[in-house]
Every structure is written in structure tokens, then in C-alpha cells.
Amino acid sequence: MRPRIESSTQWYHNKHIRIKASKNAPFAPHPHLLIAATSPPTSLPIPLLLSFLTTLRSHISSNQNPKTLHRHCNSASFSFLLRSSISSSPSLLLLFRVPTMAIDRIFKDEASEEKGERARMSSFVGAMAIADLVKTTLGPKGMDKILQSTGRGREVTVTNDGATILKSLHIDNPAAKVLVDISKVQDDEVGDGTTSVVVLAGELLREAEKLVAAKIHPMTIIAGFRMAAECARDTLVAKVVDNKDDAEKFRSDLMNIARTTLSSKILSQDKEHFAKLAVDAVMRLKGSTNLESIQIIKKPGGSLIDSFLDEGFILDKKIGIGQPKHIENAKILVANTAMDTDKVKIYGARVRVDSMAKVAEIEGAEKEKMKEKVNKIISHGINCFVNRQLIYNFPEELFADAGILAIEHADFDGIERLALVTGGDIASTFDNPESVKLGHCDLIEEIMIGEDKLIKFSGVAMGQACTIVLRGASHHVLDEAERSLHDALCVLSQTVNDSRVLLGGGWPEMVMAKEVDALARKTPGKKSLAMEAFSRALLAIPTTIADNAGLDSAELISQLRAEHQNEECNSGIDVISGSVGNMSERGICEAFKVKQAVLLSATEAAEMILRVDEIITCAPRRREDRM
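To get this note's numbering, take the position in the sequence shown, counting from 1, and add 37.
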């Protein structure tokens, strides 16, 4: 017989029944809770028995004695045995068996789950922590972050770009990963607004947390958020300005957008110069959003103001010794082929010879094979050969003798872009010259930038191709300048397609908040509370811009709210003067597409996180031992 396991006892008194609860394990492999009840020598009515069972279930489910009862009880899993020995004495014995392992064994040992309020709070806290992390980088006076890797090189990145910061973080919280993803999508889709979208989503969840604490169902909150987002978007559409038909005004809009985008970046001191570079580069694309034809080259040295835009394509390579430095009407073959000496490339192969003469024969055969390959390339009628792989001395010498410029080891991005802008194809076989499409340009020459020599291709087939050369004090400065300029180029290329423009400086958020508030006052039911919360979350963007500039955000927001009661108000936060200013006069503009993406992406991310009521973490898959 298994040993008896005693524990603390608890007595429950009823008018007819007295029970004693204790832990006893004589009948089962796991400890069970056994409850014995006896009645006085009177008949026990059935309704009273049922009433007692209901009372007993709720008693055991309560948390009166967690060590002996609540921890091991699951009121939904009772099984009981009723015995009545009427012959000996009118007594009743009730045995309740409550399994102690009711749900614990569904998941593996290392798996975990969080349910209900705990799961929701975990999601809210993770998302709000990510929003607070990048909040200080928002606006013209936002601060930078230093990101240091833990790898061998301890690489350091200095940036205030929201997407770059979040991509570099290793995050465990699943809700926080949702915000990281929307920031990446925002960066890929429109280029700017990567911080704004995370801050707005975090504020929506902060407001939603208060509503959930007030016992409002998450689905009601989501319904209110959707109505508010639709109202806000309609408000933006009604307020946009479109100057696409007037070329001069449209270029002015593009310059304003570029200046506004660059104001929060490292290029803010020279934003006039870089705004002009970005607008000139994008206008050459003639409406295309393919930024591949705009190449950015970084060269340390000088200062940021020394950066310039050059027409054509610049390849960061040197021209070899004894090769022509200047070629006009170039016919270019772009290739990705092995131009090292052909050796026997069979793994494990060995060639045995009995004299040095045989070695010379093998070398001669290799050279002959390479010479045949070079002759096939020359037969294409080219005067420039660009190869992604190495070109050894012997083939380089053959190309020089034929008066052909040979460029080796051009990186893959370089040759892909070169093939695109010169109108050629990347070839790897040369048996059929008529099937190979050559690239063309007017002039190939060697140029100097700083102390480095580069190769410039002028008059390329794709006329919109251009190169922006960035100069700067260090690699960290150049990397951040490239990220800033890339954001501006993305926003401008999207604006050329969708030319609708809005004012900036917190003006769109104030306009949206005013309209959403007005709709909330007309909406009956609890949805109106969610809409008011959405309106408060929208105000977080101008509030954060003011806070990061060291201004009194409460005073400025209250002034803005009062001024926006007037129709056709253009007021926003002017962080330079530290006051409320007219955004139209200041020339602070933003692309409609960016604002729309921020609004919709943040709302959808907040909805997704609000729906969560359980987080299940799977156990890691163990590697099986292989014999």
C-alpha cells in the first residue's frame, strides 16, 4: 500500500453535512484530493445533495487554502463516487477525485504560456517600451543613438533613423517585434516616418491600456479605432494640396519636402545643398521610382558641403597599367566569368609527370586555353571589358595589346548597375557574339576624388543615371549621411508619383485630432471613448516634437488646439523659434503618402496587438543525438 500523505485539514460545515479535506494517495499514481462527508442519521434529500455539490465545487475552487485545495483543483474535472449503506447506518460517503495534472502536460517542459490580462499587459509593455526607445529621435531636435555590436570588430553605428535603430536590436517580446516590422515596412515603402509610425502605435496602445483597465472590451476599442482612422484619413485627403500641373510650384513643393525630411537628420546644417542634390537626382528619373540608377559613393575627406551630383556613372575602380585611360564611343561588355589561369579544377585530382618539360606543356595548354577565351571576347568588337571576377596578368596583357580597357573585380552591385545604365547585359559565355547585348557610352575616363582614382562613364544610354558623391569627416558620418539622403530620395520619388502634399510641424495631427474629437461627440456608445483615445494619441506626435526641442509642450499644444478651432488654420510647431508658427510661410511640408502610411500602419499594428489574449512560447527543438 502506498504511504499516506497527510496535509493541513479544512472543515466545511453545512446544516446537514460535515466534510474533512485532506491529501491522500492510496488509490492513484498522483496525489489526489479526497473529501469524505458524513450525514446525521436522517435521510438526505436529493435537492439538498445537489445544492451541497454546487456549494462544495465553488468552495474547492476558491482560494481559501492554496496549499491544499486551490493549487490542485479544477472545478470542471470532478468525478465522484456515491455510496450509501442503508442497511448498517444511514450515512453518506462522497469521494471527490481531483486530478492534479489537469492542463500542465499539454505543452513540453520548456514551453510557457501567458493568458488573459497577463498576456495583454506583456504585449502593451513591450510595445510601449519600443516606442519610448525611439521617441527621443523624433523631430528636428531629436537626438542620435550609438549602436555597438558585440562581434569581433565591435562595430559602431551612430544614427537617429528609427528603422536602422530597431533593425539592430535583438528583441524577445513578440509585440515589440510587430512594431519593428511596421518600421521596416515604412522604410521600404516610403522611406520616411519610421519613427513616427512606432511612436503613434505605442501611444495608441498606451491609451488602449487605460480603456481595457476600465473594462471596455478590446473589440469595442478596435471598432472605435477603425472609425477614427477612417475619419482622420478622410480629413487628410480633404486638406491636401496638389501642384503637379504647375512645374515651378511642384519643384518648390519637392524642395520643401526635401528640406523638411533632412531637417531631422545629420544633413540638417546643409539641408539647402542636399535638398537641391536630391531634387535634381529625382527629377532626372522622369517619374520612375527605381532608385538603382542613382548611385551614392562615399569618400572620406573634406566636409559634407563638398558633396556633389555628377551626371553619368562612376565606378569605384582603377584602370590597370598599360591600358588606355580615355575611350570615346565605348562599346562595353559586362561579364561575370573566371579570367584566372585555367587550372585542373577537379577536387582531389593530381597530375604526375616525369619531367619539367611535361609541366611546361601543361602550362602552355592552360595559356592557350585562356588565349582562346580572350580572343572570343575580343571578337565581340568591344573596347571596354568589365568583369566581376579577377583578371590575371596574362589575359590583362592580351587585352592591353588589343587596346581594350579591362576592369577587374567590379563588385556585383557595381556591374548590375553599370549594365542597367549602359543598356547592356551581363554575359558569362562568349561563343555567340550576336546574342550578347553590349553597353554603350560616349566617354570613359579616369577621374580623381580626394586622393582616390575612379572611372567615370559619361553619356550613358540611360540618360537619367547619375552619381551622388558624398564627402565627410569619417565613415560614421558618411554612413549616416547616406541613410539620410536615401530617405529623402525615397520620399521625393514617391511624391513625384503621388504629388499630394500636406503641411508639416504637427499640423496634420492637430487637424486629424480635431475632426476625430468632433466625430466622437456624435457617436453613441463606448466606441466614442476609443475615438477620444485615438485623438489623444495623435497629439503625441506634436507633443514629442516639442519635448525633444526642450519646449513647453503643454503650453504649445493648448495654443495649437485653440488656433485650430478657426477654419483654414495653418499653425504648427516651429522648433527653431520655439513657438507656434505658420507652416505654409515657413515652407514646412510633408508628403501625403508618408502621413497616410504612418496613420494606417500604426492603427493596424495597434489592432493586431490589442487582439492578443494569450502568448504561447514553444519549447526549443532539441537536437537529436546521432550515433
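Keep in mind that the hints were calculated from the coordinates and are not lab data.
Worth double-checking, as some hints may not be accurate.
Below, in silico cross-link-like pairs of lysine-lysine (DSBU-like), each with a Cα-Cα straight-line distance of 35 Å or less [said to hold, decoys possible]: (1) K362 / K395; (2) K281 / K247; (3) K286 / K355; (4) K551 / K564; (5) K474 / K362; (6) K404 / K490; (7) K252 / K355; (8) K395 / K408; (9) K355 / K214; (10) K281 / K355; (11) K362 / K178; (12) K281 / K214; (13) K564 / K313; (14) K493 / K214; (15) K335 / K214; (16) K413 / K362; (17) K362 / K336.
Results for each hint:
no.: 1; hint: K362 / K395; in the structure: 40 Å, violated
no.: 2; hint: K281 / K247; in the structure: 44 Å, violated
no.: 3; hint: K286 / K355; in the structure: 43 Å, violated
no.: 4; hint: K551 / K564; in the structure: 17 Å, holds
no.: 5; hint: K474 / K362; in the structure: 24 Å, holds
no.: 6; hint: K404 / K490; in the structure: 31 Å, holds
no.: 7; hint: K252 / K355; in the structure: 69 Å, violated
no.: 8; hint: K395 / K408; in the structure: 20 Å, holds
no.: 9; hint: K355 / K214; in the structure: 44 Å, violated
no.: 10; hint: K281 / K355; in the structure: 43 Å, violated
no.: 11; hint: K362 / K178; in the structure: 48 Å, violated
no.: 12; hint: K281 / K214; in the structure: 38 Å, violated
no.: 13; hint: K564 / K313; in the structure: 47 Å, violated
no.: 14; hint: K493 / K214; in the structure: 43 Å, violated
no.: 15; hint: K335 / K214; in the structure: 32 Å, holds
no.: 16; hint: K413 / K362; in the structure: 23 Å, holds
no.: 17; hint: K362 / K336; in the structure: 22 Å, holds
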